[in-house]
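Chemist: From just these sequences and the hints, can you work out the full model?
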Amino acid sequence: MTPDSSRDYIESGLAVLGLRAGDDEIAVIQAVDAIYGPALAALMAEEFDGIPHEPGADMSEPPRTESER
Amino acid sequence: MDLLDRPLREQAAAIAAGDAAPAEVLDAAVRRIDERNPALNAIVETFPEESRRMLADAPRGPLYGVPVAIKDEWPLPWRAERLGAAQHIGPPPSPGESGPYLALRDAGAVIVGVANMHEYGSGSTGHISVYGPARNPWDTERSPGGSSSGPAAAVAGRLVAGGVGADGVGSIRYPAAYCGLTGLKPTFGRSTMLGHHLPQTTTIVSGPLCRDAADCRLLGGVLFGEVLGDGQVDGMRIGLVPGELWDDCQPAVVEACREALDTLREATRASVEDVEIEGREHILLASILVGQTEDLAQMTPERIEALGDDVSLIARALLRYRLLIPAVAMAKAGEVRTLVRHSLAELFEHVDVIAWPTVAAPAPRLDDPSVQLPSGVYPADYVNPRQGGIANLAGVPGISVPVGLSPEGLPLALQLIAAWGRDELLLDAAEALERGNERRWVDAAPALASA
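Protein chains in written order, with the working numbering: chain V, 513 to 581; chain H, 29 to 479.
The reader is advised that the hints may include incorrect statements.
[Claimed, not checked] DEER-style ranges, computed between Cβ atoms:
no., chain 1, residue 1, chain 2, residue 2, range
1, V, A543, H, P354, 15 to 23 Å
2, V, F560, H, E63, 49 to 57 Å
3, H, G46, V, A543, 55 to 63 Å
4, H, M29, V, P567, 48 to 56 Å
5, H, E466, V, G534, 49 to 57 Å
6, V, A569, H, E73, 36 to 44 Å
7, V, A543, H, A45, 51 to 59 Å
8, H, E125, V, A546, 39 to 47 Å
9, V, P567, H, S122, 33 to 41 Å
10, V, A543, H, D275, 23 to 31 Å
11, H, A45, V, A546, 55 to 63 Å
[Unchecked claim] Where chain V lies over chain H, by a calculated footprint (3+ residues, C-beta under 8 Å):
no., segment
12, 209 to 221
13, 326 to 338
14, 341 to 353
[What the hints assert, rightly or not] Quick partial rundown of chain V residues pointing at chain H, CB under 7 Å, derived from the structure:
no., residue
15, A551
16, M556
17, P564
No lab work stands behind these hints: they were computed from the structure.
Think of the CB as a built atom: it goes at the ideal place given N, C-alpha and C, for glycine as much as any other residue.
Modeler: So this is what it looks like as structure tokens:
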């Protein structure tokens, strides 16, 4: 994403939510996205096949499968 | 030695035995805060009358008469939490009897002050706060870590011997590491969270920051509402995860952690083997996406738009950024979470703990909170979740243990992570390590606290 298109994405995305962002805020968002953007893109591109479902996940316990519930 | 310089359990024992008058201990703690806090900004509010009232009503519990500090993340009956911020984003907070308050009160402890924190809990350095940054007692130009910056700085500076923090993406363990303390992130749901402003959280836990594992066992037990038994660790199986968790750390960090592992192995007749965690390459981001968006449920665009200049620029920008994160990323972060939980469950069938450095570099400067690693220079906030986020993402317990000092004299720390519910094993292992190195690092104190 070029700086101009990045700015457009940020401004228009926020505008949909009724939010504005000043130049300083946009600069910070762009800087943060420059750091996290590659990892975000890699995560979104990942194909997660075969992960067992964890219905009603309880973070205080190990995962249980449907048959264990 | 001044009683305030002794560990939490020794303060409690001295008071219980009648060797120290709790009112005098409280007065001494208030004086200590008055003397040392200006250099640390660890404690953001004291309330001597309320503290004296707590003491007057205190039951003869395990912490009877012992002064402690609590992070600005918990409501007290006389004070609403501020989260280190000028404005609340969610519904306005109000004073109340939070779980940690009730636990401390019922244990007989005396809350002597509210401790600083990183604004909204959304940083690992503590350099942004409406109260100004908390400072690291080992070097007051350095970060004390975050978001539980104040509890860590207060304990390391010997203002109090115990602090209650909260850990959503490592927020107890990073400050413990930067300040040379022991910090326990409990198994999710095991410590009290009553009254927290994010009751729907699946990542945040309350937990203790203390000088050593025995004190964490005592204060942690109070927060758990149960006595945490101790045991001997023998024949422990330690898993090491090859790759960046070790390799992309500063050499002094790796050296100190390797030495600590050798000590732990000898002390517990442990075996060490390499293990792998599935989905590891996505843990950093997934832990941030899950942990840092839980509060969005209480926000509205209108509330974010209404935030004024008294809220930091970075917070205002990050709140907007979070609203732009694609839903597909959140869904995939949830998949990573499931994958990692299953992988850890399988892994903990074969090993008792997994270990790597708590943080990849010692405390960064407050005016430049970035760290130099073998792979480059990064904001500390970016790399810290790589080391700490997995415990919150999966719900498992983790502990940070001091294991050395850097060439600049800054604390270095090893992290141990265990299976769900095995918090006591982590405390046992930490104590075994302390014995193995003759308490060299848990008893080390910064010059500021030795004055």
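Chemist: Please go over all the hints and tell whether each is borne out by the structure.
Modeler: Comparing the hints with the structure gives:
Between A543 (chain V) and P354 (chain H) the beta carbon distance is about 19 Å. The supplied range of 15 to 23 Å therefore holds. The hinted range of 49 to 57 Å is satisfied by F560 (chain V) and E63 (chain H), whose Cβ atoms lie roughly 55 Å apart. At roughly 59 Å, the beta-carbon separation of G46 (chain H) and A543 (chain V) lies within the given 55 to 63 Å, and the hint holds. The given range of 48 to 56 Å is respected by M29 (chain H) and P567 (chain V), whose C-beta atoms sit roughly 55 Å from each other.
With their beta carbons about 56 Å apart, E466 (chain H) and G534 (chain V) fall inside the hinted range of 49 to 57 Å. Between A569 (chain V) and E73 (chain H) the beta carbon distance is about 38 Å. The supplied range of 36 to 44 Å therefore holds. At roughly 56 Å, the beta carbons of A543 (chain V) and A45 (chain H) sit within the given window of 51 to 59 Å. At about 44 Å, the CB distance of E125 (chain H) to A546 (chain V) agrees with the hint of 39 to 47 Å.
The beta-carbon spacing between P567 (chain V) and S122 (chain H), approximately 36 Å, falls within the hinted interval of 33 to 41 Å. As the Cβ distance of A543 (chain V) to D275 (chain H) is approximately 27 Å, the hint placing it in 23 to 31 Å holds. In this structure, A45 (chain H) and A546 (chain V) meet the distance hint of 55 to 63 Å, their C-beta atoms being roughly 59 Å apart. Residues of the segment 209 to 221 of chain H with a Cβ under 8 Å from some Cβ of chain V number 4, which satisfies the need for three, so the listed coverage holds.
With 4 residues having a beta carbon nearer than 8 Å to a beta carbon of chain V, the segment 326 to 338 of chain H meets the requirement of three or more and the stated coverage holds. Only when three residues or more bring their CB closer than 8 Å to a CB of chain V does the claim for the segment 341 to 353 of chain H stand; here the count is 10, and the claim holds. Of the supplied interface hints, the one on A551 (chain V) holds, with its beta-carbon coming within about 4 Å of a beta-carbon of chain H, less than 7 Å. This hint holds: M556 (chain V) has a C-beta 5 Å from the nearest C-beta of chain H, less than the 7 Å allowed.
For P564 (chain V), the suggested interface contact is upheld, since its CB lies about 6 Å from the closest CB of chain H, less than 7 Å.
In summary, the structure agrees with every hint in the numbered list given earlier.
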